[in-house]
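Asks: If you want the building blocks of each chain, they are given just below.
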Amino acid sequence: MSARDVVIVGGGPAGLAAAARLASAGLAVTLVDEQPELGGQYYRRPSPATLRAHGDHRPAGGRLIRLVRRLGVECLTGHLVWGVADDARTLLVSGRPGSAVRLRARHVIIATGAYERTHPFPGWQLPGVTTPGFAQHLAAADGTAIGERVLVAGSGPFLLPVACSLLDLGVHVVGVAEAGRPYRPSGRALTSLRHPARLRELAAYTARLAAARVPLWQDRVVVRADGAGRVSSVTLAAGADPAVPLRTLDVDALCVGYGFRPQADLARLLGCAVRTDPVSGDAVPVTDRYGLSSRPDVYIAGEAAGIGGVHLAETRGLTAAAHILARRDRASGPARREVLHLAARRRRLASFTALSESLYPAPGDLADLLAPALPGDTTVCRCEAVTAADVRATARLASGDLNATKARTRAGMGPCQGRFCGFAVAALARHATGAVPPGAAGGTASDEARECGAHPPTGGPVFPSRQPIRPVPVESLLALGADDDGEDA
Amino acid sequence: MTVRITVDGEPVEAPAGSSLTAAFVGTRRWRLRDHPISGEPRGPFCGMGVCFECEVTVDGRPGVRACLERVAPGMTVETGR
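Same order as they appear, the protein sequences are chains V and A.
Everything in the first sequence is counted per the working numbering, starting at 1 for the first residue and increasing by one.
Everything in the second sequence is counted per the working numbering, starting at 1 for the first residue and increasing by one.
Careful: at least some of the hints might be erroneous.
Non-contacting residues of chain A with respect to chain V, defined by C-beta distances greater than 12 Å in every case (computed) [to be verified]:
id, residue
1, Arg-4
2, Thr-6
3, Val-7
4, Asp-8
5, Gly-9
6, Glu-10
7, Pro-11
8, Gly-74
9, Thr-76
10, Glu-78
According to the in silico footprint, chain V covers these stretches of chain A (three or more CB under 8 Å from chain V) [claimed, not checked]:
id, segment
11, 16-24
12, 28-35
13, 39-45
14, 48-55
15, 58-72
One side only, chain V facing chain A, incomplete, derived with CB under 10 Å [to be verified]:
id, residue
16, Gln-35
17, Gly-143
18, Arg-230
What the hints contain is simulated information worked out from the structure, not anything from laboratory work.
Virtual Cβ for every residue (Gly too), placed ideally from N, Cα, C.
From just these sequences and the hints, can you work out the full model?
Replies: Okay, here's the thing in structure tokens:
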């Protein structure tokens with residue numbers, strides 16, 4: 001096995017920033033990403049045609065990627081880290097079809113990012129219903145419009161730039177429906193808060209929507225989508241009263257999402273302690289202010305350590321890198337000063353995130369509002385086509401136990417492994433028994449062992465992590481077994 | 001530069017190097033498969049490799065997530081519909 005100092009999992013802003021810092025100090029770094037190109041979601045690379053026509057929509061990402069490559073970082077794109085070997089250290093990786101790679105290093109930085117938070121509703125499985133992020137990537141990277149008449153809905157600041165990207169492509173945005181009430185009638189009210197730069201950005205989006213006469217509805221949630229083979233209409237209701245429809249809109253695409261969830265599966269498989277975030281209900285790895293997890297060799301950086309946006313993500317990546325360098329070079333004053341400086345910046349950015357978050361409804365509260373109102377025939381688990389009625393009936397039998405409910409109904413056992421339904425299944429299970437008041441579903445999964453299948457405490461709010469983290473081709477598993485040592489890249 | 005690929009036997013023009021889901025959405029091909037249990041049509045949802053709703057067969061390789069695949073000249077795609 002070659003002498004590798006650091007393996008970084010995830011080639012988005014945090015992973016790239018960490019890779020560049022470590023490689024510039026002369027460390028041997030390997031950067032792994034499942035996507036075909038570096039950049040992650042935020043710095044997703046434009047297609048060649050889009051690049052020629054419109055240039056790079058995120059030039060900072062292009063510069064960072066070129067720097068990382070120039071510094072000699074080993075970049076394994078199209079490679080999925082799907083598990084952890086029995087030594088609890090070696091990462092199991094699937095690359096090209098039929099290839100298996102094992103990676104081991106002195107330090108691991110997990111920068112696996114986030115994915116979008118969804119809530120089921122009748123019709124959300126129709127073609128043409130997507131996450132806002134999908135519409136954004138299609139627009140920014142591929143210059144492709146998700147539809148011609150589009151509703152953007154859900155919650156969080158991200159809905160605004162998505163709607164604006166669609167406007168840029170000439171799409172008729174029929175409205176933006178926000179579940180909370182974060183916006184004042186005048187966009188200027190936002191700037192009265194602290195951190196004006198970021199809030200000015202939001203105000204600029206609301207001004208752009210107003211100029212294009214796009215309605216911005218607040219306290220509105222999507223309660224159903226209809227269509228024959230593809231979405232053709234969407235129904236909205238007030239968040240507090242989802243059973244009473246207020247407005248139906250004709251659309252050919254619906255982009256709906258409720259912010260982001262940290263992708264922390266790998267941290268959990270490695271046995272890093274996680275806590276249940278009280279606001280979101282998500283499992284978030286426990287880290288110190290440098291990003292070090294409960295394991296002395298594993299750092300968590302970027303959105304995987306908690307949602308905070310690109311600046312915080314990059315700062316977390318840099319902080320983890322600087323901390324690794326300072327640990328290697330104990331006597332160095334400059335290294336320690338760099339770490340302290342970055343940790344302070346990290347704290348400031350995190351406090352802005354908390355402020356921005358407080359403008360929008362807490363995801364856990366939303367789930368407690370929306371899940372009980374779901375009609376029984378709603379498909380909750382898209383992968384296994386499990387309905388809300390199935391989940392409720394089983395959860396009642398299982399006294400609200402989430403894992404028993406999962407095992408019995410198969411909700412959360414399909415290819416997405418509960419990433420899109422898990423949040424709602426947990427809420428349905430909580431409410432099915434009526435025994436657990438909202439917010440008190442409690443139980444952290446921090447004592448969860450790395451053995452796959454380890455159960456969080458009964459009634460725990462999240463599904464456990466299992467390997468493979470994503471479905472892996474059988475040929476990759478066979479390749480791993482055929483050569484006992486695998487292919488030590 | 002657009003290149004020609006084949007989707008379910010039909011020729012489709014798509015920009016080289018764009019994501020395969022963009023080629024589908026750009027030509028209004030939303031229905032990529034029918035769900036094995038419910039029989040309902042399904043199409044791309046997350047666009048970032050998490051939901052597996054956009055799995056298609058590319059050049060004989062099954063289970064390829066179209067959102068992680070780039071359009072290449074002569075590519076042959078079969079959807080599950």
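Asks: Could you check the structure against the hints above and give me the numbers of any it violates, in ascending order?
Replies: none
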